[in-house]
Amino acid sequence: MNRDEAELRFRRLYLEHYGALLAYALRRLPDAAEAHDAVADTFLVLWRRLEVAPGDDGIAPWLYGVIRRVLANQHRASKRRARLAERFAGIAAEFSETEESSERRFHARMVLQALQELNERDREILLLAAWERLSTAEIAEMYDCSENAAALRLHRARKRLTALVRKKTGQPDKSK
Amino acid sequence: VSDPNCGDVLGHGVKSPDPFDLLSEINPVDLEDLAGLVSSAAAHDALERIVGERPDRDSDRSRRPRRLRQRPVLPRSPMQRALIFAAIPIAGLGFAFAASQYQTRSSSITVSCYSGASLKTPAITVHVRAGSPISVCGRELRAVEGGSPTSRPRLHACLLPDNSVGVVPSPDFRICQELGLRPLRTEPRRG
Chain A
1 MNRDEAELRF
11 RRLYLEHYGA
21 LLAYALRRLP
31 DAAEAHDAVA
41 DTFLVLWRRL
51 EVAPGDDGIA
61 PWLYGVIRRV
71 LANQHRASKR
81 RARLAERFAG
91 IAAEFSETEE
101 SSERRFHARM
111 VLQALQELNE
121 RDREILLLAA
131 WERLSTAEIA
141 EMYDCSENAA
151 ALRLHRARKR
161 LTALVRKKTG
171 QPDKSK
Chain B
1 VSDPNCGDVL
11 GHGVKSPDPF
21 DLLSEINPVD
31 LEDLAGLVSS
41 AAAHDALERI
51 VGERPDRDSD
61 RSRRPRRLRQ
71 RPVLPRSPMQ
81 RALIFAAIPI
91 AGLGFAFAAS
101 QYQTRSSSIT
111 VSCYSGASLK
121 TPAITVHVRA
131 GSPISVCGRE
141 LRAVEGGSPT
151 SRPRLHACLL
161 PDNSVGVVPS
171 PDFRICQELG
181 LRPLRTEPRR
191 G
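Going line by line, the protein sequences match chains A and B.
As numbered in our numbering, residues 1 to 176 make up the first sequence, in order.
As numbered in our numbering, residues 1 to 191 make up the second sequence, in order.
A few of these clues could be false.
What the hints assert, rightly or not - Quick list of in silico lysine to aspartate or glutamate cross-link-like pairs, EDC-like style, CA-CA up to 16 Å:
id	chain 1	residue 1	chain 2	residue 2
1	B	Lys120	B	Glu178
2	A	Lys159	A	Glu124
3	A	Lys79	A	Glu34
4	A	Lys168	A	Glu117
5	A	Lys79	A	Glu120
6	A	Lys79	A	Asp31
7	A	Lys159	B	Asp18
8	A	Lys159	B	Glu178
9	A	Lys159	A	Glu117
10	A	Lys168	B	Asp18
11	A	Lys167	B	Asp18
12	A	Lys168	A	Glu120
Derived from the structure by calculation, the hints contain no laboratory data.
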């Protein structure tokens, strides 16, 4: 691929994936400017590694893998947790403004709190499936594992989330 | 606490939603809200900054030891030097012409805005630098056909075989696949 072709492909991928990557960053960061920076850093990695990046069919999971690492490198783990808590508190508040049912508002708050208590791996796979709407095949590609392994990992993460929410809401844990 | 027909029920008679399903509904960022952001000045500037950077292999070359890159540039003969100095402005003009050609070809992508849900319908061709193909075609089609944005079926961006983008109006969200094309993910995915 010569530089002309590479630039055309890059511009097309930028148009195609900019929104999804920005949404990914905005869902996890409390600061919009930082989210834009994270997306720009992700595309910079793509530009530099365009020749070794996967074809169009596999590029979305690859880009999610890059932006996940970009965010992970931005802050130390302890600061990341604090920033995630800040973002989730904002999300709970936004949800409360639009949701009429007080029970659902209560449950949403419990789900977001439980998410923060999960380990990073479980939390990320749940968010990829629930918010980024990635299929298990795409998650498998992102984590470089088999589709079965990704499906199992997602299933276990869902069970752990459910157990934590049940504990918080005082319901018996049926998984035991 | 548990009802086999209606799922889990809390003590006060409220159905308890599945946490994962509720999480999917909480989704705080709707892609539709971000559709215009790819056309924003910040997104455009970031794109131009990135493509303005030389690829890594070039920077690797610049990291070579200085000693290897220092070679005599000009020949010793005065005649040869005169020829080289005469060639510089000619080469400069040639380079400027080539750069202008390169700029028009490479700094935009070609988008065909079709007036109907088929690649055989009349189309307007536009060159997009960093805007969303759907919003650009929406503007172009409105300018040509008139009418309000709500009176036209939803626009869908598909990847054409020549690597350019085609935008077609259709109420069917699978229109790209039906035309034998790959959809561009400029729209939010549906569950």
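So, going through the hints one by one against the coordinates:
no.	hint	result
1	Lys120/B / Glu178/B	holds (14 Å)
2	Lys159/A / Glu124/A	holds (14 Å)
3	Lys79/A / Glu34/A	holds (14 Å)
4	Lys168/A / Glu117/A	holds (11 Å)
5	Lys79/A / Glu120/A	holds (13 Å)
6	Lys79/A / Asp31/A	holds (14 Å)
7	Lys159/A / Asp18/B	holds (10 Å)
8	Lys159/A / Glu178/B	violated (38 Å)
9	Lys159/A / Glu117/A	holds (14 Å)
10	Lys168/A / Asp18/B	holds (14 Å)
11	Lys167/A / Asp18/B	holds (14 Å)
12	Lys168/A / Glu120/A	violated (19 Å)
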